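A.B. asks: On the provided structure of chain E, position chain P as indicated by the hints.
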Amino acid sequence: MKAKDVMIRVSDHLAPDATVGEAVNVLISARRGENGTGVKGLAVLDEAGKLIGILTMRDILKAVFPTYMSFMNLGDFAWDGMLEEMAGKVAGKKVQDVMSKDVMTVHEEAPLMECVDHMLKGNIKRLPVVDESNRMVGMLYEKDIFLAITKAMRRGEAKR
Amino acid sequence: MTQEAAQAGVQVAMNSSFWIATAIFVIAYVVIVSEMIHKTIVAIIGGSLMLVLKILAQHEAFHLEEFGIDWNVIFLLISMMIIINLMKPTGLFEYIAIKSAKWGRGDPFRIMAIFAVVTSLLSALLDNVTTVLLIAPVTLLIADALEVDPIPYLISCALASNIGGTATLIGDPPNIMIASKAQLNFMDFIKHLAPIVLVVMVFYLGAIKLLWGRKLRTKEELKKRVMGMNEREAIRDPLMLKKSLFVLSLVLIGFIFHGLLHLQPATVALFGAGLLLLLSGTQEPHHVFAEVEWPTIFFFIGLFIIVGGVVKVGLIKWMSVQVLDITKGNLFATSMVLMWFSAFASAIVDNIPYVATMNPLIIDMARQIWPHETGLQLLQHQDLMPLWWSLALGACLGGNGTAIGASANVIVVGMSEKAGNKISFARFMLYGMPIMIMTVAVSTVYIWVRYYLLG
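These protein sequence lines map, in sequence, to chains E and P. Going left to right, the first sequence walks through residues 0 to 159 as numbering that gives the first Met the number 0 numbers them. Going left to right, the second sequence walks through residues 0 to 454 as numbering that gives the first Met the number 0 numbers them.
Hint data in this document are derived by calculation from the structure and do not stem from the laboratory. Treat the hints with care, since some could be wrong.
Unchecked claim - Think about it this way: if two alpha-carbon atoms lie no more than 20 Å apart in a straight line, the pair counts; the simulated PhoX-like pairs of lysine-lysine are:
| id | chain 1 | residue 1 | chain 2 | residue 2 |
| --- | --- | --- | --- | --- |
| 1 | E | Lys88 | P | Lys417 |
| 2 | P | Lys417 | E | Lys100 |
| 3 | E | Lys92 | P | Lys421 |
These numbers come from a predicted model, not from an experiment.
Chain E on its own, in the form it takes in the complex:
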């Protein structure tokens, strides 16, 4: 099977100049396909529909986490309400300032094993799928590949 066979067409996407506050609302209501489950990340497309980044829940966590806390072990000294304060500060930032910019994509004709290769080596859970003209056509999730593996195993059992 190829990427296009298991990928899901996600109609929701984010604009780079939207605020993070707007983005989280899109993120929380977005669904995988028709009446599917929620998503943990969305593609960021420019006006021409070109993929320029991806914004995941983890990116939001990173944006809220003060950089100085990553320099030293200061977690023990955080106070109740700190997260909420930082969230307030981050809400007004632009999506393009907190999104992950180096996005690994796969071509829609890519074999699934190539997709697994990218996921494991890049430690990523979702891969945007692009067509010939580099426009995003869908998203491939770790779970979709897992489903493909499950199907393959069941077929194997049936044959035996």
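C.D. replies: Below, chain P alone, put in the same frame as chain E:
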């Protein structure tokens, strides 16, 4: 140095080697200042060109004290970095910083002043960059907790670290380099620089009180956030902490007595690093060594070779003749000019290449003034000593002038930008330059009174 050599100093042969070496030196320094290419890469290319073009033989660069790499500086730096890298995970520095904030009872200015004192004390013992990297994140946390502008805290932290580092042999790279070249020991620095740094620190605290004392305000309930922090939670490895403090004390005692024991500071530090590695029980010293700042170390190595090249061809000698021409051999005037020139030069360019060049220049000058003296009689000639101290004070305190004047400043500016609060070049200078001028002025009075008036 003999009479002949002293005379040869005045007649520098300006042959092709002279011009090649001078060109490498000038181009390297210009590129370092322009920041077009990373300074370490420039230093390595410049240094190796001195070898490839046969200005220096590899043997001279690697093994001769006069033209070569100052291994004393290199091993002192590496060893101290290893000790700090082993100490960092214990949580000691977080403990000290949180404890300091609590001493300030949550009062924004009191905390700033205590942080300044703690930073300067730590900087006197560790290198400035390390100190700032350990203190600045906590100051940002405290500023967030108190909901005050973090920028004054960061700038004050960097300035205090440059002041504190001036006090000791190991506090700031210029001092390490001067100590090695002039064969000065740890106690020389304590006797001659620590007293003035204490005075400078008092002036500094007064200055930050004037600058920021009134502006920093917080609410009572926010102070409770700071007072509610439990510094004991910072200690992650109490056993390793004890071992680290034991070794650090041993190293400090070693530094204090290294002159008497006839041990070089690098020897003391290297032994300390080895001992702490042993006591840490690590089977994988990989990460400890990986965190040594190799770019800094190789920057030094490259620079030493570049400077060695221009020393060998006589450029430095020629420069020293020019300086003596201007000052007519008046050492008081020379030391005053040296201090202020060093301060402004260090505010603009990295003080490490500056001091690497000035050290041999001062020695060459001394050779011309006292052609019959050699060894310590020359290097530590009674009338030469104020020049070393002027160089140290000017080069270290000058770093406060601009955002690029010292590595500690570069670190806080970078850290602040990452945290979303950009410190502009002008804003840093607005605080840094007046403080630099004030501290150098105080030092000028000190040099004049202690070494010339009281003689």
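A.B. asks: Each hint needs a verdict: does it hold in this structure or not?
C.D. replies: Hints, verified against the model:
Among the hinted pairs, Lys88/E with Lys417/P is consistent with the structure: their alpha-carbon atoms are about 14 Å apart, no more than 20 Å. The suggested pairing of Lys417/P with Lys100/E holds, with an alpha-carbon distance near 17 Å, which does not exceed 20 Å. A distance of roughly 15 Å separates the Cα atoms of Lys92/E and Lys421/P; the hinted pair therefore holds under the 20 Å criterion.
Violated hints are absent here; each numbered hint is respected by the structure.
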